[in-house]
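Please build the complete structure, drawing on both the sequences and the hints.
Sequence order for the protein chains is A and B.
Residue numbering for the first sequence follows our numbering, starting at 213 and increasing by one per position.
Residue numbering for the second sequence follows our numbering, starting at 2 and increasing by one per position.
Honestly, I wouldn't trust all of these hints.
[Claimed, not checked] What follows is a set of in silico ranges between Cβ atoms, one per label pair, in the way DEER data are often shown: (1) B/H246 x A/A297: 55 to 61 Å; (2) A/P216 x B/G363: 50 to 56 Å; (3) B/R151 x A/A229: 45 to 51 Å; (4) A/A297 x B/G206: 45 to 51 Å; (5) A/L281 x B/K37: 50 to 56 Å; (6) A/L339 x B/R151: 54 to 60 Å; (7) A/V461 x B/G30: 56 to 62 Å; (8) A/P237 x B/R151: 45 to 51 Å; (9) A/L281 x B/R96: 45 to 51 Å; (10) A/E306 x B/A43: 21 to 27 Å.
Please keep in mind that the hints were generated in silico from the structure rather than gathered at the bench.
Where a beta carbon is used, it is the ideal one built from N, C-alpha and C, also for glycine.
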Amino acid sequence: MPLPKLLRLLGGATVTAILGFILLPALVVTLAAFNSRAILSFPPESWSWRWFVKAIAYDDFQAGVRNGLIVTAWASSIALVVGAAFAFALDRYEFRLKRTLETILLSPLVVPHFTIGLGFLILAAQLGFARGYSVIVACHVVLVLPFVLRSVYISLRNLDPRLELAAASLGASPGRVLITVTLPLLLPGLVSGWLFAAILSFNEFTASLFVTVQRTQTLPVALYNYVREYADPSMAAISVMYIVATATVLTLANAFLGLAKVLNVEHAR
Amino acid sequence: MPAEPRFSAPARVADGTNGSAHAAVALTGVTKQFGKITALDAVSLFVRHGELMTLLGPSGCGKTTLLHLVAGFLIPESGEIAIDGQRITDVPAYRREIGIMFQNYALFPHMSVAGNVGYGLRMRRIARPEIDRRIADALALVKLAGLEERRPRQLSGGQQQRVALARALVIRPKVLLLDEPFSALDRNLRASMQVELKEIQRKLGVTTIFVTHDQSEALSLSDRIAVIADGRIRQLNTPHEVYRHPSDRFVASFIGDANVLRAHLERIEGAVASVALGAARVTVPMRTLEGSAVGSAVDLFVRPEDLRVAETDAAAAAHGTIAAQIYQGGHIDLYVDAPEVSSGRVLLRVPSHEAASLRPAGTRIAIALAADVAIAFRSA
Ligand SMILES: Nc1ncnc2c1ncn2[C@@H]1O[C@H](COP(=O)(O)OP(=O)(O)O)[C@@H](O)[C@H]1O
Ligand SMILES: [Mg+2]
Numbered sequence: 213m214p215l216p217k218l219l220r221l222l223g224g225a226t227v228t229a230i231l232g233f234i235l236l237p238a239l240v241v242t243l244a245a246f247n248s249r250a251i252l253s254f255p256p257e258s259w260s261w262r263w264f265v266k267a268i269a270y271d272d273f274q275a276g277v278r279n280g281l282i283v284t285a286w287a288s289s290i291a292l293v294v295g296a297a298f299a300f301a302l303d304r305y306e307f308r309l310k311r312t313l314e315t316i317l318l319s320p321l322v323v324p325h326f327t328i329g330l331g332f333l334i335l336a337a338q339l340g341f342a343r344g345y346s347v348i349v350a351c352h353v354v355l356v357l358p359f360v361l362r363s364v365y366i367s368l369r370n371l372d373p374r375l376e377l378a379a380a381s382l383g384a385s386p387g388r389v390l391i392t393v394t395l396p397l398l399l400p401g402l403v404s405g406w407l408f409a410a411i412l413s414f415n416e417f418t419a420s421l422f423v424t425v426q427r428t429q430t431l432p433v434a435l436y437n438y439v440r441e442y443a444d445p446s447m448a449a450i451s452v453m454y455i456v457a458t459a460t461v462l463t464l465a466n467a468f469l470g471l472a473k474v475l476n477v478e479h480a481r
Numbered sequence: 002m003p004a005e006p007r008f009s010a011p012a013r014v015a016d017g018t019n020g021s022a023h024a025a026v027a028l029t030g031v032t033k034q035f036g037k038i039t040a041l042d043a044v045s046l047f048v049r050h051g052e053l054m055t056l057l058g059p060s061g062c063g064k065t066t067l068l069h070l071v072a073g074f075l076i077p078e079s080g081e082i083a084i085d086g087q088r089i090t091d092v093p094a095y096r097r098e099i100g101i102m103f104q105n106y107a108l109f110p111h112m113s114v115a116g117n118v119g120y121g122l123r124m125r126r127i128a129r130p131e132i133d134r135r136i137a138d139a140l141a142l143v144k145l146a147g148l149e150e151r152r153p154r155q156l157s158g159g160q161q162q163r164v165a166l167a168r169a170l171v172i173r174p175k176v177l178l179l180d181e182p183f184s185a186l187d188r189n190l191r192a193s194m195q196v197e198l199k200e201i202q203r204k205l206g207v208t209t210i211f212v213t214h215d216q217s218e219a220l221s222l223s224d225r226i227a228v229i230a231d232g233r234i235r236q237l238n239t240p241h242e243v244y245r246h247p248s249d250r251f252v253a254s255f256i257g258d259a260n261v262l263r264a265h266l267e268r269i270e271g272a273v274a275s276v277a278l279g280a281a282r283v284t285v286p287m288r289t290l291e292g293s294a295v296g297s298a299v300d301l302f303v304r305p306e307d308l309r310v311a312e313t314d315a316a317a318a319a320h321g322t323i324a325a326q327i328y329q330g331g332h333i334d335l336y337v338d339a340p341e342v343s344s345g346r347v348l349l350r351v352p353s354h355e356a357a358s359l360r361p362a363g364t365r366i367a368i369a370l371a372a373d374v375a376i377a378f379r380s381a
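Shown next, in the form of structure tokens:
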């Protein structure tokens with residue numbers, strides 16, 4: 213039976229309203245970015261690209277993007293390797309305290325980001341570490357590890373163990389089973405885990421604020437420092453570029469791997 | 002490949018084979034436990050070259066465990082496994098030269114049909130032209146030529162099964178293992194696949210261990226059947242022997258349809274005994290009646306086709322009322338209420354050309370025994 217018309221209209225309106233509400237901030241920021249006036253106002257009266265030009269040319273933002281990319285690349289890659297190893301161990305082996313480890317590793321957000329940032333700050337000071345990239349990377353690895361682990365773990369759970377047994381029976385040594393069967397089938401989970409980690413790491417602010425210095429500040433920290441002194445639409449321009457870049461990455465991932473698979477929402481079998 | 006002569010001393014077991022040295026697959030006293038569960042309990046099994054051996058038993062009795070031990074996916078706690086006389090108990094799966102087909106086929110979803118079938122050949126680093134030739138041969142064998150480039154998900158269940166079979170056979174395995182291969186197929190397809198499997202198996206002469214919980218499938222396909230319950234082999238013999246001479250109550254009720262009728266032991270004559278059921282007399286082996294005294298109640302197991310509608314009361318084993326009459330094409334199943342011999346319904350299976358046996362429900366009939374040999378067990 214089709215939904216009654218009124219109900220359908222109401223439903224449609226609700227969905228539209230919710231979507232609108234979610235997209236509203238992005239929309240406001242996008243419009244503000246094209247405002248030619250030097251204040252963050254809405255709606256703009258005249259239009260311009262000048263804030264994009266200014267934002268791109270601004271040294272601190274350039275450095276922020278560069279630092280952010282370096283940290284993100286290292287942190288999400290290390291988290292991928294470590295997370296995948298943990299996921300394999302949790303999925304394949306029985307050991308003492310397995311449940312505890314599983315709970316800890318799979319439940320992010322229990323410890324607030326500023327606590328982790330502060331912890332790394334104190335540690336780095338205690339151990340006499342120069343506050344270079346390594347501290348930021350280590351901090352980000354801790355922050356994104358649960359997401360990578362979860363993504364790989366879910367993919368592993370969904371992998372039919374009989375596929376690996378079949379490969380072994382056909383003469384594939386454990387190493388070749390891994391390369392020819394396990395890894396190809398885990399690829400979407402690995403890519404999605406890495407992407408999540410990268411996006412989270414690139415966006416991370418709270419913990420990064422503690423562990424970065426002027427020389428190593430990532431983009432969110434640079435934006436924060438900027439907004440403390442200025443309030444022009446450059447930040448809005450950065451936001452727009454950020455959204456476009458993220459959308460491009462996700463679109464590419466979708467084109468090559470299928471978004472449903474990358475985001476791990478496709479039901480197994 | 003030169004075979005190293007390092008098999009363990011062959012165990013001689015009185016099961017009709019020549020022991021492990023000549024068996025294609027030999028399990029000797031194999032025990033497998035999962036924690037507290039004993040999945041297999043000191044099982045010995047010798048599979049002959051080229052035979053199709055079925056492992057038959059209810060779900061959870063240890064069939065898959067046994068298959069996985071032979072495949073090398075599991076290592077037994079105790080006991081030895083040998084293939085072609087070579088001890089392989091702890092040889093890893095990938096060096097065992099075994100073909101296995103899983104219940105869900107387990108085709109590699111990221112490879113084409115040709116990729117799946119050729120997988121084992123690539124692992125053996127065989128030259129490309131020969132791989133291609135052998136893939137083509139294997140696909141022709143299972144009647145799938147022309148589908149090389151398809152992905153598994155683009156195939157029907159029956160086609161996927163053929164790919165799985167081709168993939169297992171193309172490596173020319175020493176043993177082919179099949180775990181409930183037909184359980185996911187619909188009835189018609191299942192019947193035709195059974196025939197086809199049997200033909201292929203015969204043609205290639207490949208030693209095969211076939212797992213099923215479906216007793217009719219076991220009866221129709223097997224050279225020999227190993228009936229398993231609770232991790233032990235209860236009986237190992239040809240389908241006919243298992244059906245006609247079940248070794249115990251479990252086997253008798255698990256294989257084929259059987260009526261359990263209340264009878265009593267009338268006379269013991271050495272290894273056999275005479276059992277009385279109404280006016281009928283039937284000879285049973287004493288082996289399954291150990292300890293029963295003359296005059297005691299026994300459960301007489303009678304196959305539905307060994308019962309018939311009696312014309313006269315003279316030799317009637319029992320009397321009853323027809324409760325239902327089900328036309329099955331070649332035969333008719335008559336369900337009869339006969340409270341004096343059975344608390345459940347008694348099943349008679351009569352050829353449908355015996356139209357005289359067609360009587361309306363509610364008719365009172367006399368039941369006679371069509372066989373003079375049966376099997377009985379002490380009343381439970
Ligand atoms: N990996 C396992 N871990 C624990 N118990 C298992 C495992 N595999 C099988 N079992 C147990 O062993 C027994 C036999 O199982 P299985 O060989 O799969 O039976 P079948 O194939 O005859 O249905 C069952 O009781 C089952 O629960
Ligand atoms: Mg099973």
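Against the structure, the hints:
Distance hint check: the CB atoms of B/H246 and A/A297 are about 57 Å apart, consistent with the given range 55 to 61 Å. At roughly 54 Å, the beta carbons of A/P216 and B/G363 sit within the given window of 50 to 56 Å. About 46 Å separates the C-beta atoms of B/R151 and A/A229, a value consistent with the hinted range of 45 to 51 Å. For A/A297 paired with B/G206, a C-beta distance near 46 Å keeps the hint of 45 to 51 Å intact.
Look at A/L281 against B/K37: about 54 Å separates their beta carbons, and that is inside 50 to 56 Å. Remark: the range hint 54 to 60 Å for A/L339 to B/R151 is upheld by a beta-carbon distance near 59 Å. At about 60 Å, the CB distance of A/V461 to B/G30 agrees with the hint of 56 to 62 Å. Evaluation of the 45 to 51 Å hint for A/P237 and B/R151 yields a pass: the beta carbon distance comes to about 47 Å.
Between A/L281 and B/R96 the CB atoms are about 47 Å apart, so this pair conforms to the stated range of 45 to 51 Å. Separated by about 26 Å at the C-beta atoms, A/E306 and B/A43 satisfy the suggested range of 21 to 27 Å.
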